[in-house]
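Asks: So the chains spell out like this:
Number of protein chains: 2
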Amino acid sequence: MKMNLEKLGERIIEGGDILVEEALELANLRGSALYPLFGAASRIKEHFVGDKVFLCSIVNAKSGRCPENCSFCAQSAHHKTDAPVYSLIDEERMVACAREAEKNGSSCYGIITSGTSIKKGEELERICNAVRRIRRETGITPSCSLGIINHETASALVEAGVETYHHNLETSRSFFPNVCTTHDYEEDVNTVRVAKKAGLKVCCGGIFGLGESVAQRIEMAYTLRELDVDSVPLNFLNPIAGTKLENAENITPMECLQTIALFRLILPTKRISICGGREKNLRDLQSWIFFAGASGTMIGNYLTTTGRAAEEDWQMLKDLNLSVASCCE
Amino acid sequence: MKMNLEKLGERIIEGGDILVEEALELANLRGSALYPLFGAASRIKEHFVGDKVFLCSIVNAKSGRCPENCSFCAQSAHHKTDAPVYSLIDEERMVACAREAEKNGSSCYGIITSGTSIKKGEELERICNAVRRIRRETGITPSCSLGIINHETASALVEAGVETYHHNLETSRSFFPNVCTTHDYEEDVNTVRVAKKAGLKVCCGGIFGLGESVAQRIEMAYTLRELDVDSVPLNFLNPIAGTKLENAENITPMECLQTIALFRLILPTKRISICGGREKNLRDLQSWIFFAGASGTMIGNYLTTTGRAAEEDWQMLKDLNLSVASCCE
Numbered sequence: 356m357k358m359n360l361e362k363l364g365e366r367i368i369e370g371g372d373i374l375v376e377e378a379l380e381l382a383n384l385r386g387s388a389l390y391p392l393f394g395a396a397s398r399i400k401e402h403f404v405g406d407k408v409f410l411c412s413i414v415n416a417k418s419g420r421c422p423e424n425c426s427f428c429a430q431s432a433h434h435k436t437d438a439p440v441y442s443l444i445d446e447e448r449m450v451a452c453a454r455e456a457e458k459n460g461s462s463c464y465g466i467i468t469s470g471t472s473i474k475k476g477e478e479l480e481r482i483c484n485a486v487r488r489i490r491r492e493t494g495i496t497p498s499c500s501l502g503i504i505n506h507e508t509a510s511a512l513v514e515a516g517v518e519t520y521h522h523n524l525e526t527s528r529s530f531f532p533n534v535c536t537t538h539d540y541e542e543d544v545n546t547v548r549v550a551k552k553a554g555l556k557v558c559c560g561g562i563f564g565l566g567e568s569v570a571q572r573i574e575m576a577y578t579l580r581e582l583d584v585d586s587v588p589l590n591f592l593n594p595i596a597g598t599k600l601e602n603a604e605n606i607t608p609m610e611c612l613q614t615i616a617l618f619r620l621i622l623p624t625k626r627i628s629i630c631g632g633r634e635k636n637l638r639d640l641q642s643w644i645f646f647a648g649a650s651g652t653m654i655g656n657y658l659t660t661t662g663r664a665a666e667e668d669w670q671m672l673k674d675l676n677l678s679v680a681s682c683c684e
Numbered sequence: 356m357k358m359n360l361e362k363l364g365e366r367i368i369e370g371g372d373i374l375v376e377e378a379l380e381l382a383n384l385r386g387s388a389l390y391p392l393f394g395a396a397s398r399i400k401e402h403f404v405g406d407k408v409f410l411c412s413i414v415n416a417k418s419g420r421c422p423e424n425c426s427f428c429a430q431s432a433h434h435k436t437d438a439p440v441y442s443l444i445d446e447e448r449m450v451a452c453a454r455e456a457e458k459n460g461s462s463c464y465g466i467i468t469s470g471t472s473i474k475k476g477e478e479l480e481r482i483c484n485a486v487r488r489i490r491r492e493t494g495i496t497p498s499c500s501l502g503i504i505n506h507e508t509a510s511a512l513v514e515a516g517v518e519t520y521h522h523n524l525e526t527s528r529s530f531f532p533n534v535c536t537t538h539d540y541e542e543d544v545n546t547v548r549v550a551k552k553a554g555l556k557v558c559c560g561g562i563f564g565l566g567e568s569v570a571q572r573i574e575m576a577y578t579l580r581e582l583d584v585d586s587v588p589l590n591f592l593n594p595i596a597g598t599k600l601e602n603a604e605n606i607t608p609m610e611c612l613q614t615i616a617l618f619r620l621i622l623p624t625k626r627i628s629i630c631g632g633r634e635k636n637l638r639d640l641q642s643w644i645f646f647a648g649a650s651g652t653m654i655g656n657y658l659t660t661t662g663r664a665a666e667e668d669w670q671m672l673k674d675l676n677l678s679v680a681s682c683c684e
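Line order of the protein sequences matches chains F and E.
Taking our numbering as reference, the numbering of the first sequence is continuous, increasing by one, and the terminal residue is 684.
Taking our numbering as reference, the numbering of the second sequence is continuous, increasing by one, and the terminal residue is 684.
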């Protein structure tokens with residue numbers, strides 16, 4: 356069944372959906388046969404989310420000592436890695452990093468903490484205070500990624516001015532046991548629902564190259580669609596020494612782009628941002644991510660790995676004739 | 356007149372031509388509207404010349420002291436630049452560089468000499484001897500670029516085993532007087548004809564970003580089509596201190612890609628290789644050149660500027676799932 360991507364693109368643009376079997380078939384495309392898939396993804400993106408690029412940055416506000424055993428993670432206490440270990444940074448530092456992110460042109464700034472959840476009381480309060488100051492003193496939109504949360508914490512974050520809560524599913528339901536055995540997938544799914552119920556937008560995606568199959572990547576995309584998340588961060592594994600996946604084979608650039616395009620077709624109206632592992636996995640093909648359907652990218656450093664200088668990303672966007680979305684678009 | 360690029364691509368694939376006015380209209384496309392143009396160029400390229408990439412390298416065998424006043428050229432005696440000045444390198448060196456180029460994966464190796472023409476007698480003989488040795492001792496195909504030549508020189512090169520003669524028109528007939536006033540455009544056109552008549556294939560293209568208009572770029576493409584050259588090297592100006600164009604504004608990456616695509620549509624069956632100025636002008640978009648219709652690229656250093664390491668180009672080709680054409684394909 357040779358897919359007519361023009362027609363499929365039009366169907367999705369007119370509000371129709373892509374079927375799982377169609378996505379699985381598109382997953383078999385290779386080499387230049389992928390170009391029409393990218394073309395369709397690009398048209399769908401522009402139709403639903405426009406052609407501006409959304410930039411975001413993060414701060415690793417609390418690092419290491421995580422009791423979870425996620426196979427890829429340098430911050431897991433189950434791994435011996437060089438990832439820094441420190442407790443929650445102070446409010447001043449959170450606000451200073453927000454200013455730095457704004458200076459770099461990011462519209463969204465994520466405060467990320469390692470660990471299954473943050474401790475109620477002092478830790479949550481310090482973050483909420485920082486969010487309030489960031490709201491008052493900068494033009495950047497603060498978001499938080501504090502692990503598994505309940506309604507009380509979610510409401511506190513809303514009250515402090517958090518707009519978006521980030522919590523990844525990391526992979527598909529069927530592959531998750533291969534990634535993490537210290538908590539259940541449904542706890543992550545539930546965190547997404549709790550955050551939405553409290554009135555937060557949800558930024559939820561995952562990481563590819565963990566050993567999952569293409570079908571499992573597609574499975575994850577459909578789960579995100581069911582949960583109706585608001586933005587989807589896509590990471591590509593940057594194997595870190597000391598983790599279970601230190602010797603994992605890198606996902607190829609064209610496979611990264613194919614994954615982005617499939618997510619765009621399955622999640623046509625969502626913000627899809629390319630985050631961790633972009634430079635490492637895409638190399639010379641980084642400039643293809645927007646053609647493949649992404650509408651945003653993280654700039655600056657990642658959680659435990661460094662990103663390239665923001666100026667290089669800005670030059671790439673200029674070279675692509677792409678402009679940057681300002682904050683709340 | 357909104358061009359249907361699908362239909363235009365099919366017309367060209369079926370042997371039809373693109374009209375000048377159609378090319379001029381495509382020259383107005385900007386941003387993501389260029390993606391379908393690249394898609395059409397890519398399909399046309401694959402139809403006529405396949406999806407393998409042709410790699411070539413050159414040696415600057417005689418440098419500087421050129422009496423011509425080409426505005427872009429660091430080797431012109433009319434300019435004060437840092438370009439090295441040396442007479443014709445010896446046969447041993449020419450052969451050694453051929454081996455280096457072969458090691459880098461190039462299928463074609465160009466022996467280039469500055470100056471209006473090379474001197475008959477000793478200079479020509481030394482080059483012909485080197486060509487004979489390169490033929491015997493390596494698997495790479497030697498080509499020559501020795502300026503304006505007559506039938507006698509062309510025949511000597513054929514006899515020595517040269518397959519392709521390189522001689523650029525540099526720009527369009529109408530813009531040429533702005534580039535060079537020390538010789539006439541028709542001398543270059545005639546050199547192409549002389550070489551073809553002697554049984555040589557001809558590699559003939561030019562350089563963009565000299566101040567020419569888009570229409571003049573298109574004009575040059577149609578002149579090359581009339582001359583029925585065999586391969587078309589496209590260079591993008593890398594402004595060199597001391598030349599008339601030292602402060603020229605760089606042509607943008609998308610303009611470079613648009614030019615490549617237009618040349619593919621106008622010269623559908625030809626080998627189109629991206630040469631000088633690729634890294635400088637295309638930056639993160641170097642990986643788009645083949646999608647835009649190019650079927651080859653120069654690797655290693657250029658005449659008077661350095662190229663990036665061959666390994667980086669090989670990684671880019673691998674990442675694009677593109678394989679390299681072996682020598683005489």
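Keep in mind that a hint or two might mislead.
Which copy is meant is left open, because identical chains are indistinguishable; a pair holds if it fits in one copy or across any two.
[Unchecked claim] Computed list of lysine-lysine pairs in BS3-like fashion (alpha-carbon distance at most 27 Å, straight line):
(1) Lys673 <-> Lys552
(2) Lys475 <-> Lys362
(3) Lys635 <-> Lys407
(4) Lys673 <-> Lys407
(5) Lys552 <-> Lys474
(6) Lys551 <-> Lys474
(7) Lys673 <-> Lys635
(8) Lys552 <-> Lys599
Worth flagging that the hints you see were computed from the coordinates, not collected in a lab.
Asks: Using 27 Å as the alpha carbon limit, work out where Lys552 and Lys474 are close: within a copy, between copies, both or neither.
Replies: Classified as within; 21 Å inside a copy, 83 Å across copies.
Asks: When Cα atoms must be at most 27 Å apart, do Lys635 and Lys407 count as within-copy, between-copy, both, or neither?
Replies: Answer is both: 24 Å inside a copy and 25 Å across each meet the 27 Å cutoff.
Asks: Within a copy, between copies, both or neither: where do Lys673 and Lys635 come within 27 Å Cα-Cα?
Replies: both (21 Å within a copy, 15 Å between copies)
Asks: If the cut is 27 Å between Cα atoms, do Lys475 and Lys362 qualify within a copy, between copies, both or neither?
Replies: For Lys475 and Lys362, the Cα distance exceeds 27 Å both inside one copy (51 Å) and across copies (63 Å).
Asks: Are the CA atoms of Lys673 and Lys407 at most 27 Å apart within a copy, between copies, both, or neither?
Replies: Classified as within; 11 Å inside a copy, 30 Å across copies.
Asks: When Cα atoms must be at most 27 Å apart, do Lys551 and Lys474 count as within-copy, between-copy, both, or neither?
Replies: Within one copy only: 21 Å inside, 80 Å across.
Asks: Give the relationship of Lys673 and Lys552 under a CA distance limit of 27 Å: within one copy only, between copies only, both, or neither.
Replies: Neither. Shortest intra-copy (39 Å) and inter-copy (46 Å) distances fail the 27 Å Cα cut-off.
Asks: Have a look at Lys552 and Lys599 and pick one of within, between, both or neither, based on CA distance no larger than 27 Å.
Replies: neither (35 Å within a copy, 66 Å between copies)
Hint compliance for this structure: hints 1, 2 and 8 are broken, all remaining hints hold.
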